[in-house]
Structure formats: structure tokens, C-alpha cells
Amino acid sequence: MGKKNIYWKGFEELNKNSEIVEKLEQNEFVEKIPVGEGDKDNNPNRRDFLKYAGFSTAAAAIVGCEGPVIKSVPYVVQPDRIIPGIANYYATTIADGFDFSSILVKTREGRPIFIKGNKDANSMNCTNARINASVLSMYDIYRLQGPKVEGQNISWNDFNLSVISELERLSSQNKKVVLLTQSFASPTTEKIISEFIQKYPNVQHVIYDSISNSSALDAFENSYGQRALADYDFSLSNTIISIDADFMSDWQGGNYSSGWSKNRVPNKENEYSMSYHLQFESNMTLTGANADNRVMANPSELRYVLQSIYLNLTNQKYSGPALGPYLDRYVKLAVESIKKSGKKAVVISGLDDVDSQEIVLMINEFINSDAFDISSPRLIYQGSDSELLNTISELKSGNISGIITAGVNPGYTLPNAEEFLNLVNKLEFSLCFSMKEDETANSCKYVAATPHYLESWGDYEFKTGHYYLSQPTIKPLFDTNQFQDVILTLSGSNNNFYDEIKNNWRSNILKGKTWGKSLQDGFYYSYENNIPRRIKTSANLVNLPIQNTDELDLILYTKVGLGDGQQSSNPWLQEFPDPITRVTWDNYLTVSYKDAERLGLKNYNVSNGALNGSYVNVSNEKNSIKVPVIIQPGQTPGTVGLALGYGKTQAMSEHMNIGVNAYKFYNDFKKTQKVNISKIKGDHEFACIQLHNTMMGRDEIIKETTLEEFIEKDKSIWNPTVMVSKNHIETKVTSKEVDIWREFDRSTGHHFNLSIDLNKCNGCGACVIACHAENNVPVVGKEEVRKSRDMHWIRIDRYYSSQDTIQGDVEAKDSTKGFSEYKSTSSNLEKASANPQVVFQPVSCMHCNHAPCETVCPVAATSHGRQGQNQMAYNRCVGTRYCANNCPYKVRRFNWFQYSQNDEFDYNMNNDLGRMVINPDVNVRSRGVMEKCSLCIQMTQKTILDAKKEGRRVKDGEFKTACSESCDDNAMVFGDINDKESEILKVKDGDRTYRVLESIGTKPNVIYQVKIRNTKKI
Amino acid sequence: MLHLKRILLVTLLFPSLGLSQEADIQAGKALFNSNCAACHQLNRKAVGPALRGVTEKYDKEWLYSWIKNGTQMIKDGDPQAVAIWEEYNRAVMTNYPQFSNEQIDNILAYTNYTPPAPAPAVATAETVSQGSDISVNIILAVSIVIFTILIVMLFLVQRTLIKIANASGVKIEPEPKRNIRPLWKAVVENQFIMFVLVIGFLLSSAYFTYGYLMQIGIDQGYAPIQPIHYSHKIHAGANQIECKYCHSSARVSKHSGIPSLNVCMNCHEYIGEYNGEEDLENGYTKDFYTNEIKKLYNAVGWDEENQVYTGNTQPVKWIRIHNLPDFVYFNHAQHAQVAQIECQTCHGPVEEMEIMYQYSPLTMGWCIDCHRESNVDKDNEYYQKVHEELSKKYGVEQLTVAQLGGIECAKCHY
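Protein chains in written order, with the working numbering: chain A, 40 to 1057; chain B, 11 to 424.
Please note that a few of the clues may not be correct.
What the hints assert, rightly or not - Derived list of chain A stretches under chain B, where covered just means 3 residues or more per stretch with a C-beta under 8 Å from a C-beta of chain B: (1) 144–152; (2) 913–923.
To be verified - Here are the simulated lysine-lysine pairs, DSSO-like style, with alpha carbons at most 27 Å apart: (3) B:K305 to A:K110; (4) A:K771 to A:K929; (5) A:K214 to A:K435; (6) A:K988 to B:K305; (7) A:K994 to B:K403; (8) A:K110 to B:K254; (9) A:K713 to A:K661.
Treat the hints as calculated values from the structure; they're not laboratory data.
Glycine residues also receive a C-beta, built at the ideal position from the N, C-alpha and C atoms.
Could you build the full structure based on these sequences and the hints that come with them?
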């Protein structure tokens, strides 16, 4: 390897004399096994143990004598398409106002259990953690089970009659009713709403996006006369300049990372085959973490950065405030890169002011960017901040007499939610369409129970000419009616929404494709080349001074896990570790190291390795909330970050009622706010898996190189074969002499390998949730995660590096000798934490061909299969945990408790509804057994059986795992290396392949591809 | 046998019925079964009307022409023909121009013929069997009495002999009592014997306990009473219905599938009563079976009278017989479709089972034994390449499932 980086997972590791790091390096389990609690007298001794053990054995034997009577109830009339045991897939679409995607839903015996992207669709076909987890949100016991009037259950018929009479009364009195909805992006829904307004002219339709995209929409509208968002195809650009746009998570509807990843793997012939990605930002975002160069700037500086890029590019003179040498250098680099790439460059921005967004459009037009698409812009967000603010002021002034909400929860997402709810309480008429009795529903007189999107019909136009359909994948679980159906009834129509969609599509949308085929495909695409004409030709330049006050910039963001908070009662998402901080079950204030030092804020690990953090008071004129602090490397000094989507309280279990509601600070729907911060007493307990499961400080975990080195130098320089010492002679680890194992011939039959490309993986975590859904991974709750008992079969390790910012330290590190010197060296790296480079590394069971876990199992519960899988037989396991102890990758998970049907773990597996998501092909593990990734053996076995049934060989690409299937970025490639034609074999034989901890000779079947950085040095 | 007997009885009981008439009825029955039974029943409505007493309703000549060419009659507007056509949803009866009047007469004779009540025959059968039971008991009782008398007599003889001896002055000396320790005491005091005995006891109790524990959870022979008495013997045995006609998902899915009730109705829409063999000893009479069919109708919501589905269904809660633990994955398609294993290999002689029971132990050892012995189908293209390579490597002609990795843990446990 060319350079030796030192990777570290948290500040604690930099601490010279940290006991915890040392402790974790010595121990796999940070705590002793809990045996009995309470006072000394009650401590069970050996005799008690024997008594209990004897009794339970006898009890088990007696119970075992009588098997339970199990009943089977077949269909009376079995539907043609349903065969018990065979999965059916339906193409449908999610559009919940925050996530928009064409998806495929796997159903078993009529129950949706798994979601993946609909790869046949032309666009918007990616999934993320939230979309993958949304299947569980349907099986939520806190859902509303029928319509209600003033808290009382009522039949739909009566409900509709009384709503109609109220609406007619208001209409005859000409009192204004506001219809506040999410962005539907649905042609037929728009039609229905306009018919509804025709019937009741006193109704005004206002669209409200909980996370505002108003400035980008306004800018587009000002420039081209259409309310839409420009679309970008990053696969067509080799220079990406992003100014505060977190496009890998959910910037402007997301779905961008798959395009980005297509240009991230270079080939040796062409330097430009790998794109250059420069990110200017304040918070450490997922996108920033994946950028080649990440530049820190505060929000006001970011505007001038954009402006400066624009002016420099168009050869105008920048006359704004000085940016300082650091930013100036990167602005210059950005301009040079754009000029060099020409059409192949693209500039995007997440700044929420109209002027900046207009500048972005002008830059992309100026460079005639290939990636920039305005002929088919995104229509997924329609909300307007000014319209919404008007509505709220009208509510205050009493101009509005009634409100109907649908798909939104303003009682939670508005900054002045309490005031809003008080106003709604006083209204003559209030109707809420909701899946839950949430904050808004509780204040409304009429609450219409709506179905989950997997139980609903729908049509969408996400992009101009790109149409999508959604269809029910299950019969409604409760007595629900979807918004459109109710609106149709209220308008006096006899049609249902399905008929309306079908008629509308047949007469207005479909050209040459049948309705049935479109429904089966889930999408319809008709391309019309209509590039809009620019109507505004000049951009306004910002002219705000760069402030230097005591106030900090609070930057509100959405997490990859919870997003806008719609699914906050989804336990999978709550336990999903944030890719950057790796904290579960919380939101927190991210603070730069500098500010933390100034304010005396601390993060520290307690004796069992769990993370604690100081509390601060975040306040502005109106609000003040107590928030725990995470010190975040890469956070721009002078800024702090706080995630939206937490702190919801209604219609969810107490366990989920966590975090703080950051929407309180979302004034004027601007993500940047001025706040004051003061430290307050007390420490917060985080459930962070950051210091857990360390790789014992060994290197050979991450390998990376630079683009120049990759292109110019031989593999032996940047990815050398690992050498080990035998009889004091350096020998290749792959040679037979150093192998202490008798090799098994694996050249016949299938042999599975999983390749993970560190260049393409952006750490989004869709695979983590997909794995949850496929493998029935339990949720253990915050307290257990804090004790490092998380059950994720695949985790995405995030490592910060110190490279690039302190060049001098690199040489110092290379010349480090001995552990004590290493420690003193690493303690000098504190400055590196200011803006580190980040690597994401998904780690699941490595399925070692020479697995250390297999040899230590006293009962042979884990053994090796001919196909390369390391197999875990749960029913054989007695729970010694030797295997977990001996696993160098720390990927085995122990069931400390019974996580299903146990009131102590009151998550989805503790109720009948929540258990409907369980995959019937995979066992639900019980207490006391070890579990781990099986390489989705149920999926490979199914593929094999399908081939056998048809009497054919398995085709390449047929073998899949849940994680590889959910990876839209194609970072994970799975397949049979004994198939000479397979993609995985080509990948495996490639130069970039390496194996984690190869020197210990485990020969893993999960392989990694060396990360290549296109970092530009200044 | 039973059948023959009955005919014999019939001829005995009804001497007025001539032999020729009997032959007509038999010929009529044969014709009825092959031509009419698909749509007509004797005593109840099916697709067409019940045929018993049809000669009373219609003129014989009319019946001749109706059966030979009913369609024409409807066309011609014959009032009776049109009436019946209207009554049965305008379903036209198949024309039988090939029938002679004599054949039609035979069929009509069969429809008018009421079989005598089989009660007397049953009664005789019962008395005979009861009689044989009694005779055994009598023999027993008699022999017991005889033995008692013999014992009493022996006692009396002994007493008499002692009396004679006393009278003749013969002294019978009692045996001298020796002072020996009882056997049990000797055994208890002998440590070696005790040791061996204790070891023996422990070993044997361990053996039996192990044997007992090992059968826990193995429900071989489990034959629960089902909500509807479904006889595999009648369906798969007597009627030779292929297993996978009803259990069709065994071809494609992991479940063999309990057939949904609409599958039953494929046949039972026409078969409303049972006419096969009876098992009187167990109470499986025709009425019993017919009553079970009625249970099916009730569950599926079939109105027999009007031949329509009412929509009022009551799903049947069958009791599952073959229960594998959750941690075992078993796939029927793999075995029944890919490996072409006969269902009977694991499920036993289902075609002989009046009540379905678990034939095999379904233990892991049982599975593995089979996997070790069974060969894979090398003609299946999926297996071809790997079979070629592996069989060369192992030097065998035919690979077993085990050699291909069929006994690896995670092939069944995941």
C-alpha cells in the first residue's frame, strides 16, 4: 500500500489513556453475562441454579409429551394466483409526500413482506431504508381502524352524510374551507380535487410539503414558468459540484445515488471514467462523506461560494465579501474543474433561497450540462411556503371556517404547531384524513381513517411524461377509505377512485399501451421533447453580510432513517444506525469539535463502552429545547445540526416516543436558523454502535488509493498481496505453505461470493433494512443496543481518516514504531477530526472458507457448506458464544432474550399484526442462540429449486441476496464464482479485490473492492 | 361379497320379480351409470331432475322421443319439453338417438326399481357374529368350571389320603427347620451383587428413559379426528384419484397444500351421495358418508336443492397431521416434482387409509437416511454438470443426495 492511514471510529480512540479502548481491544463482550440482580441474600447460588434447571428440564419434558393440536384452514375458494408457499410480486408506487419510488412488493399468502425497487421503470426506481421499512409501517397496531367523529366510532355512511351536510352548509354560507394536502403528483387526484372544488367553490386547495422545497420550486417557476424541480442524471457528468445538496439521502426526492455510483469506478485507460465530486457543506452529510473533496463552510458563506463560482465561470467579477483563502482555493478548483469538463459538469445546491437556486439553474444552462434535465422535470413537490404562510395567517385572522387535511400532519410538522392546533380546535369544521390518530387528527372533529399506500390505488406523474401506478397489494386491514374515494363520495360521484384512474389513463394518458399492461408494469412512459423556454434572464445576487455573531447557525436536516418523521413508529427505522454518527434511537445536536471545546461539551464512553453526551439548551426567541450533543467531525465550526422527524408523541408506543421535535425551529420553512446554545447539567445516554465491535485496531480493514496511483501504478503498489511470515520468511498469504488448513475442493457445484465495492457504497443503509425484512431480524430496543446487543446482520462501519488534512502526519505515521509511539502519534491527530475523510464499509458474516467460528463450536452448530456458506443451525446451538468470541469480524449476534412474543420487547414481533411482516421461509430465532448472516441461503436455495423444477442451469444474475438486491448503487455483486461467465467472477478476479484481515488466513467469501479517491490536492 | 349376498336375498325375498326383469334392471343400471349419472340422480335433483318415478310424470312415448331428441321437441314447442327446459335454466339434455326403445325401457325400469331395505341382511350378519362371540365365552366359562372342579377334587383326594395315612398310623414328619439366612438378605449383604444390580438398574432405567424421551414429539401414527371424515381410501384407493390432483401445490411449492373446498366441488357438485362400499363394523355406512358430503356442502355454501352457491361459507378447520418444527425447511416440490418421489414413500399407503395418519416418524435421522441412499436425477439439466464432475471425483456411477451436499445443516435449517 502506498500510504498508511490510521482510521479511527471516535474521539475516544484518540484519547491517549482511554481505558475503554483498551478494554474493547481485549474483550469481545464489554459486560459480564447478567446472572441475577438484587441484594446479596437473593443472589442465586449453584444449588438454586440446579434446582431451577432440574425443574425446568422436567417441566419441558412433561410439556413435550403432549404436542399441540395445530389447525390448518385452507381457502374455501382459492384464488388462481395464490399458491401457498409461492411469493407473488406486484409493481406499485410509493408517494407519501416525502419518498417517491416505483417499487416491487413481494407478497406471501396475501401479505406484503418485502419491498425492492422496480428496476424496469425508467426513472425514480430506487429504494432507501425508509421505503424498504415502509412495509412494516402498514402492520402498525397504532393505526386508525375506522372513521371517527369527535372521538367516537361511526360508520362510513354516517360519516360521509354528516360531512356532506357540513360542507353544504359552509358552502351555502360561502365560508372558506381550506384543503391542506401533501404533494400528490397524481393527475387523477388533481382532477378529483378540482371536481370537488367545483362542487364546493368555497374550498381552497393548499399544498404543504413538510420538508420545504419551495425555493427551488420558485426558482424553477421564475425561470421556466412551471412549478417543478430540475432533474439530474449524475451518470452523465464527471464533475459534480454540490453546494449543500445532500443528494444521496433525500435532497429533492432522492433517487440520485444510483446515477452517481455509475461513474465512480475508474478503468485504467480513462482518467475521466471516475467522476470528481466536490462538496461544500456545513453539516457532515452522507453526500459530503462520499465526496472526493469536502469543504466546510457556514450557510452564509455557502451562498457566496455559489455566487463566486457563477461569476467566475461567466467571467464576471465577484464583488461580495471575501471568502478567505481556504474557500477561495476550492472555488477556484470548482471553476477549473467545471471548465475542464464542460458539458460533463453539473452544479447543484440545497440552499433554500430562491436567488441561489436560480443561479444554479443558470450555471447548468451556461455549461449546457448533460446531467441537467429540465425537459422532464420532477413534479413530486408542489408546496409553496408563501401560500402556506398566507393560509396560516388567514386561520389566525378567522377568515377560514373549516379545514381538511390529507397526507400531512401540520400539528406536528409546523413550527408553531400548538398555535395551529388551537386554531383548528376553534374551527366550525375540521376533517383529517389520517392513518393514525396523530397530533392533527386529535384536534379535528372528523377523522377519516385512510389505508396505507400498500392497500391503496393511485396514479402519479413524478416527472413530466413519467407516469406510475400503485395498486393494493393486500385487502385493507381495517375499515379504511382512501382520501380520493371519500372526496369522490363527497363530490356526489358514484365512481370509485379505481374507475377514475382507469378512465383518466385510458382517455388522457395511455397511448398504445393497455391499462392492464401498465398496471402490471407499474409505470408508463411517454417522452415528449418539450424543453421549456427561459422567461427570466438574469439572476439576483445575494447581498447579505457574512455575520459574525455569537449566535450559531442551526442547520436542520433529515436523517436517512426517519426522514420527515412519518414513519417514526417504525421500530426498524428507529433502530437503524445513522450512517454518519451510528447513533440509533435518537436525534441530537451535532457540534464541531471547536465549538464543543469552547462550550465545554463532552462525549465520553462509560465502562461498558456505551456513549454518553452532554445536554445543551438550544434556543431562539420563541423556543428552547434540551438536546443531547454529539461531537461531529466535519461539522463546520459555528454551525450545529439537528435532525427533523423525531419527538413525535401521538399514536405511537412509548418506546418510540424519543428525541426532540426540531420542527419547532423550522421557522418560515428555512433549514438554516439562528440559535443560541448553552450547556446544561446532565448527561444523555446514547445507543450508539460507534465504539462497539471494533476491529481491534488492526489494519487491512480498509484499503484505499488515489486515482493517480490506481492509473499509473501497478496493483502491487496499491493493493499488494498480503504477506505473512513463515520461518521468518515473508510468504504470500495465498500460498499453500502457510495454510494450516486442509483445503477442500470447491470447484464443483455453486460457490457463492459477495463483492462489496467501497467506491460505490455510499453507506445509505438500504441493505440493513432489506436484511431486517428478509431475515426476520429482531428489534432489541435502545437499552439493549446501548449494551452492544444490537442484532443487525449487516452493519455499515464508518471510519474517519486523517489523510489529506495533515500531510505531515502521514509520514510521521509511516515511521511509527511500536505501539506506544503509535498511540502518541495518534493522539496528535486531533486536528484531523476537523474535516476527515470518511469510508463506509458494510460488514456482514464473511463466510470464511477457513472459518474460525466453526472450529470452536462444541456442538457443531456452525459448519461449512459446499456452496461456501458458513451455516448456522439455530436448533443445534446451545449458546456458548465461543464462535462470536473467535470471529475476527465480530458479525455474530447473540439472542440474549426472547425478542418475539415478549412484552419486554414490545415491538412489531410482540403483536399479531406486526408479525405479519415475518418472512415464512426464515426461522424466528429464540432466546439463547447465536445468529448471523446466512448469505440469504433461503433465496439461493429457491433459485436453485426453480432451476431444478424447470430442468435447467441457473443463469447468471439469478442468485441474489436481500442486501445485493436492495443496493441501487450496484455496490454489492453476488453470484456463483464457479460459473465462468458470471459477473462476480470478473469482479473477483479484478485488480481491486481484497479481503478484510486477509493475513489471518480466513479466506472470506465476502470480498471488497479497494476504494479509490479522486481527491484533488491544492 | 356383500353385494352378491344382497342380490341373493332380494331374489329370495321377492320371488314375484322374475329373473328376466332382474336382468332388465341390471342392463338399465349399466346404461344409467354410463349415460345419465353425470347429470341425473335417482332420488334428488342434480343438473337434471331426479329420475325416480319419471314414468308416472310423463307418457312413455313422450319419454322415448324426449330422450332420443329432446332438442327437437323444445324447438317444436312441446309444452312439457319447454317447461322442463325452462325449469332447468335452459340447459339442453344431451340427445341419445342411438338408444332403442328397449334400452330406454330398461333404464326406466331401473329408475322405478326400489332396492329392498338391506336391514334384514345386516341383522343376520350381526346375529352370526354375535353367535360366534357367545360360543367362545361359553367355552371359556365351561373350561373354568371344569378346572375349578378339578382343583376341588384334588384337595379332597389329598385330605382323604392324609386321613387314610393317619388311620393306618403313618407319621408324617415335618421337615426340620434349618437356620439359613433368607436369600434377599444374602443378596443385600453381598456388595458385588448389589453393585452389579445397581449398575444394571441404572443402565436399564437410562435405556428406557432415553427410549421414552426419544419418542417425545414423534407423532408417528397420529390420526386425529377431522371435522369432516375424509376418506383417502375412497378417493385415492377406490376411485384412483391422483394425489396431486387435489394436492396440486406439491408440484410447485413447499406446501403440499390442503385442497381448498372448490377443488372438492369439482366432483362433488355431481356426487351428492355415497354409493360405494360400506364398512359396517366401523359404522361407515352409506348414510354416514353421504352425511359427510353434506358437511362439505354446508362448508362451501352449496345449496343442493337449487344447485347454487349461497355464498355463505364456513371454512373447515382441519387438524394438521404432519407437523415439522419451525426450524425445519421442507419443500414438497423438491421431492415430489424434482426427485419424482412417490407420495407414498413418505406418507405410506394413503390409498388404504380410511383415517389419514402420520406414517413416517419425520425425524431428522429418517430424513438423512433417505438422503444418504437416494440418487439424484442426473438427467435433469440442472444436475448434469455437477454430477459429471463430482461422480468422477468420488469414483461412483450415481451420486447420492448426501454427496451433493444434501445433509448440510443449512439446507434444511435456516
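- Indices of hints not satisfied (ascending): 1 and 6
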